[in-house]
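Take the sequences, apply the hints, and build the full model.
So the chains spell out like this:
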Amino acid sequence: MSLVTPTPAAPDMAIVTRGLTKRYGSRLAVEGLDLNVPRGQVYGFLGPNGSGKTTTLRMLVGLIRPNAGDIQVLGQPWSWRDRRRMFRIGAMIETPAFYPYLTGRDNLQVFAATGAPTPATRVEEVLEAVGLADRARDKVRTYSLGMRQRLGIAVALLSDPDLLLLDEPANGLDPAGIVAMRELLRYLTDRGKTVLVSSHILPEVQQLADIVGIIDRGRLVREGPMAALLAGGAQVRVLVRPDEIQRAVVALGQLGVAVEPASPDGPHAAWITVRVPSDRASTCNRLLAEQGIFASAIDATSDLESVFLSLTAGAGMDMDSATNGPPTGWGESETRR
Amino acid sequence: MIGLVNAELLKLRRRWASYVVLLVLLVLMTLVYVLIGLTSPRGGGMVTNLVIQFPSAYAVINQFIFGLGSLLAVSYAAAIGGADWNWGVLRVIVARGEGRSRYIFAKFLGIAIACTIGVLIAYAAGIVLTFLGASLAGTSAGDPLAGAGGTTLLHSLVSGVFVLLQRAAIGFAVAVLLRSQVAGVVVGIVLYIGENILSTILLAITFGSSVLSGLETHGSQWFQFLPFSIGDSVLSAATPSSISGDLSRAALEPVALVPAALAVGLYLVGALVVAMVATERAEIA
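Those protein sequences? They're chains H and C, same order as listed. Heads up: the first sequence begins at 1 in our numbering, then just goes up one per residue. Heads up: the second sequence begins at 1 in our numbering, then just goes up one per residue.
In short, the hints are calculated from the structure, not lab data. Built from N, CA and C at the ideal position, the CB exists for glycine as well. Check the hints yourself; a few may be wrong.
Footprint (simulated), chain H over chain C, 3 or more residues, beta carbon under 8 Å [unchecked claim]:
id : region
1  : 86 to 98
2  : 279 to 285
Not the full set, but computed from the structure, chain H residues with beta-carbon under 10 Å of chain C [as the list claims (entries may be wrong)]:
id : residue
3  : V61
4  : M86
5  : R88
6  : G90
7  : A91
8  : M92
9  : D106
10 : N107
11 : A112
12 : A116
13 : P117
What follows is the structure, given as structure tokens:
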């Protein structure tokens, strides 16, 4: 008799995990992870480096076996040998991998022969979708990092999957490529597909994701709609005169949270960041006024980066701006590695 | 499965290693036959005629293709088997829902087809080079299909391909176990050469070093059943007049064909099972 109660089926969910755990020796890579990824949405899966994002994705596609926990995929319990269920999942895990001596088209044809039955016409469709049709006859070893990334997304799209798992898909993409990827993922979710994006490019995730899950040291620390997460934002910025910075920091320090004075923004002003929810902006203002400091501006809008940092305490974070990679664009592909 | 094998053949067709391995074999064979032809006395000598006249010439062709060729096949299969791990493509294939064992089996089938085609090309080249060598030596190679020639040719090809694939399967399994093409190639070659050396040492220990002169012949020994050695007994059954370059093996009676063929088959299947089980159980990072 099993001591574990099976997780009830959740037909509206693309992925449900309960108590998902992976251990490497004595180190817990993922610990009791409970993910809820609704169908038809973009789910942003965030976490510092080494927090367990890729390990989780590997478990979700059967590359590694969990030590404990249940996984449901597309409303049904899933085990790592259930390879036919994988036919409905497209995945790009870690850096995209290819046969370097084959052309982009040949690589897609070779991968199309594996896993889900894939019509021959699908190869040209996905090449077109990721803007690589004009470079399809070139060997992959001549591709730039961004082009490899796009080809990796093309491989994930080959079986026209209901669920797409993308690990750092924006890596190496130029700004135009990132916009094109965002549009492609939106196009897919508009047609009922579910997309799980693991990323450390927070501005990109903020624009893309409907739901966010934040993982830190193998544990889920927050999960919920992006709008709700930002509404409970975790920072307030106040603009004071440079000669008031010290006194302002002391005053705001009464809140018992991190207060980060910035370098003076010119001779007349300096921003101070207080790690508190945005609804405490008035308290900040009051504390400053009690010390005779009058802020010239208070910014209580929050972004994903500040929320993320407050939840993970900035651990091991290797954040990136959305603008890495050469400015070549989705449709341009002359940049070589 | 057919689609998977076709995909493997596409990969092998596009890969330089497929052509380099065959080219190495053909260049070495050409050099040796030309040297034999040029350095032989006019009309050939007794030893020369064994090399460049049919049907005894088949033994020399076999020695090239299934001796040196085996070493190349071990390296080739290891390089192909380990590449998927090195390049990380196995991760993509498994994530697409492909069966691990099924994929490994299809991969080896692709290698087997490529090796068989390579053997046929090399064998045809061997026959042509025998005529070239004979011509340079000022003698006749004879009719390759006369007398027992046709049968010898057929037996050589069938048993030779069987043995070559068994040896390739071992290289393939080693690379899959080590998850690396370089390690697979190196370990495969070391095992192949190491086993030859080990056999010689075991022979000397068993019968004394005088046995290595090859002048006396002893009954079959257990170490003839080692993975790379057992194939020699199958090959020697195809060409009874075999000229062996390995004195340690010339000093021993070959193992009877049926147990030898069974052992080769077991090693072949065993190597593939090991490769499939290792891939099934692997955690792919």
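### Query
Hints broken by the structure, by number, lowest first?
none
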